[in-house]
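Here are the chains, one letter per residue:
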Amino acid sequence: MLDIQDLHATVEGQEILKGLSLQVNAGEVHAIMGPNGSGKSTLTNVLAGRDNYEVTDGTISFEGRDLSGMEPEERARAGLFLAMQYPVEIPGVSNLEFLKASLESMAEARGEEAPDSVTLLRRARAACEQVDLDQSFLKRGVNEGFSGGEKKRNEILQLMMLEPKLALLDETDSGLDIDALRTVAAGVNSMRDENRAIVLVTHYQRLLDYIVPDQVHVLSGGRIIKSGDQELAKELESKGYSWINGEEQSA
Amino acid sequence: MTAPATANELATELKAQALARANARSGNDALGPMRQQARALLEDTPFPGPKHERWKYTSLRALEAGHLKAPAPTQQPVEVPPDLGFARLVFVNGHFHEALSTLPDTAGLQVLRLNGEHEARLSDAPASPFAWLNGAALEDGLLLRVAARTQLESPIHVLHIGESGEPACCDMRIRLEAGEQSEITLIEEYAGNGPIFTNAVTEIESAPASRVMHYRLQHEAPACLHIGSLILQLAKDSHIRSEQFMSGSTLRRNEVQAQLNEPGAELELNGAFIGRGSNHADNQVCVEHRAPHCTSRQVYKGMAGDKARLVFNGRIYIHPGAKDSSADLSNNNLLLSNSAEIDTKPELEIYNDDVICSHGTTVGQMDALQLFYLRSRGISEPEAQRMLGIGFINELLLALPHESIADWARPWLASEVTEAE
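Sequence lines, in order, name chains A and B.
Residues in the first sequence are numbered consecutively from 432, following my numbering.
Residues in the second sequence are numbered consecutively from 58, following my numbering.
Just so you know, these hints were derived from the structure itself, not from any lab.
Please note that a few of the clues may not be correct.
Claimed, not checked - List time: in silico DSS-like cross-link candidates among lysine-lysine, alpha-carbon distance up to 30 Å:
#1 B:K358 x A:K531
#2 A:K596 x A:K449
#3 A:K582 x B:K358
#4 A:K570 x B:K358
#5 A:K449 x A:K657
#6 A:K657 x A:K596
#7 B:K113 x B:K293
Required output: the full structure, derived from the provided sequences and hints.
Okay, structure coming up:
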């Protein structure tokens with residue numbers, strides 16, 4: 432589904448990704464771990480098409496399409512979703528209105544009917560319940576005045592509503608207490624599906640106790656330097672990131 | 058062909074037209090003394106020219122077409138906006154239109170016409186020559202008196218429709234006197250089409266411990282001209298909240314003079330003004346704290362697209378004796394195009410030390426992160442911009458106590474935003 436080959440990318444002129452390769456197949460859950468500054472968030476932002484994140488070399492193919500020339504909205508309509516590390520607040524635009532506009536754009540691009548307002552509201556309420564957000568959040572401005580945990584749960588709510596083919600979760604676990612972490616993990620697990628791929632980007636192994644990945648990759652210095660299964664994550668947790676850097680240097 | 062008049066010649070010419078208009082309205086009815094007083098003030102006040110600081114960004118050139126020379130006749134309006142579900146008093150070209158109006162049936166509320174049957178007086182707040190002209194030339198208007206301790210549950214809606222095919226002018230005057238401990242909601246709406254100049258004055262006096270909720274909805278077509286004065290005078294422990302929404306037009310200027318005259322008065326002013334095409338909207342707001350322990354809060358938002366020009370001047374004046382004053386002013390503006398212009402200026406004049414005062418003005422563009430967030434959810438860039446523009450204004454609408462008014466205003470302002478891009 433996602434095939435990244437030798438990706439080099441710069442942020443404001445500075446090269447952050449330096450030859451990253453990654454393949455993710457439908458039905459799989461991948462975790463990308465790495466120390467701060469290793470390029471984790473750059474990778475997700477490059478994939479989502481954010482301004483100022485420039486691909487200088489390599490290819491990104493999503494279901495056979497070259498992502499790099501596509502606008503952010505085209506990527507989203509093609510089935511890519513990024514749950515952001517720091518979801519932005521948009522006062523004056525209600526959450527429900529936002530979901531409606533999003534679903535309508537997606538449906539239109541696919542030549543499908545958008546859900547009517549009754550169906551939309553029913554689904555949104557059910558999603559609220561699943562991520563443990565009060566329904567009043569639907570009427571509030573997008574992320575406006577939400578706590579850190581509420582913002583993250585709102586990202587998962589959108590994930591559930593939009594049903595993307597590929598979900599990128601950027602540090603969705605950071606700043607969550609254990610109950611919120613369980614809720615978020617349950618939401619993500621409910622979206623596991625043989626037709627959908629999920630990429631978790633995280634600094635901590637803790638999330639992987641609740642969302643068990645098929646593969647774990649270690650990102651360091653803008654490249655994936657080691658891949659393995661969940662055991663790799665546990666090893667990282669106990670030995671720290673210096674272990675992997677040290678190993679690389681001695682290798 | 059004669060050369061175009063200089064700005065000074067224009068000011069002289071407009072003043073001569075204004076005085077001629079005032080002189081044509083003599084007559085010995087109950088409004089006579091007010092007209093005479095206003096005429097004398099008009100005569101003493103120079104018309105604004107380019108050297109007037111308060112008129113630096115607003116030219117009266119559009120009035121050169123001769124609007125002041127042609128009083129608009131009473132007529133049947135072509136277009137009447139939908140009602141908002143409340144008792145509605147309708148004026149057309151400055152004249153009361155009985156057939157279109159529903160009189161409020163409310164004990165404790167006096168609805169009187171300022172058409173010569175009842176006397177009126179000028180407020181002592183400082184005013185522009187246009188406000189004096191309104192007083193000097195007035196033919197019709199409205200006086201609302203709320204009796205002490207009367208709480209009116211349903212809002213009173215006053216609609217003014219200005220329509221003319223040729224340059225013409227009309228005056229509209231509303232005076233609201235809220236008695237002690239009374240409560241009222243007044244909705245002022247201005248609609249219209251064609252090159253008509255509406256010269257409006259609204260005065261609100263709140264007696265001790267009264268509460269006034271006021272809306273000003275101004276959506277005249279771009280060809281219309283409007284200069285309006287809103288004068289608010291607050292007595293002890295009274296509360297006025299005024300919400301002002303307006304789209305720009307050929308010439309639009311709003312002057313708000315608020316005077317917190319006695320201790321404990323509270324004033325809340327919020328507004329949004331949107332300009333598109335080559336429209337103009339100028340808001341001049343002055344809040345005076347003249348007594349101790351008063352509070353004022355202001356939030357104004359401007360949004361300009363195309364080649365529109367918006368002006369905001371917010372003055373807060375704290376008098377020497379006005380101890381324990383609290384005053385806030387914020388004016389945030391969004392520029393939607395490179396050719397649009399917004400000029401904003403806060404002015405603070407504080408003459409004692411016991412004051413909490415804050416002000417902030419910003420002019421910016423749409424937030425890149427907010428745009429990216431919406432686009433990353435599949436929403437197209439133009440639609441995302443539209444949503445953010447509406448959201449910017451919608452913050453004020455969501456806070457309105459009357460949901461039906463917010464629901465009515467939302468599509469209007471949304472269409473202004475959409476077309477402004």
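Which constraints among the numbered hints does this structure fail? Numbers only, ascending.
Per hint list: single violation, 7.
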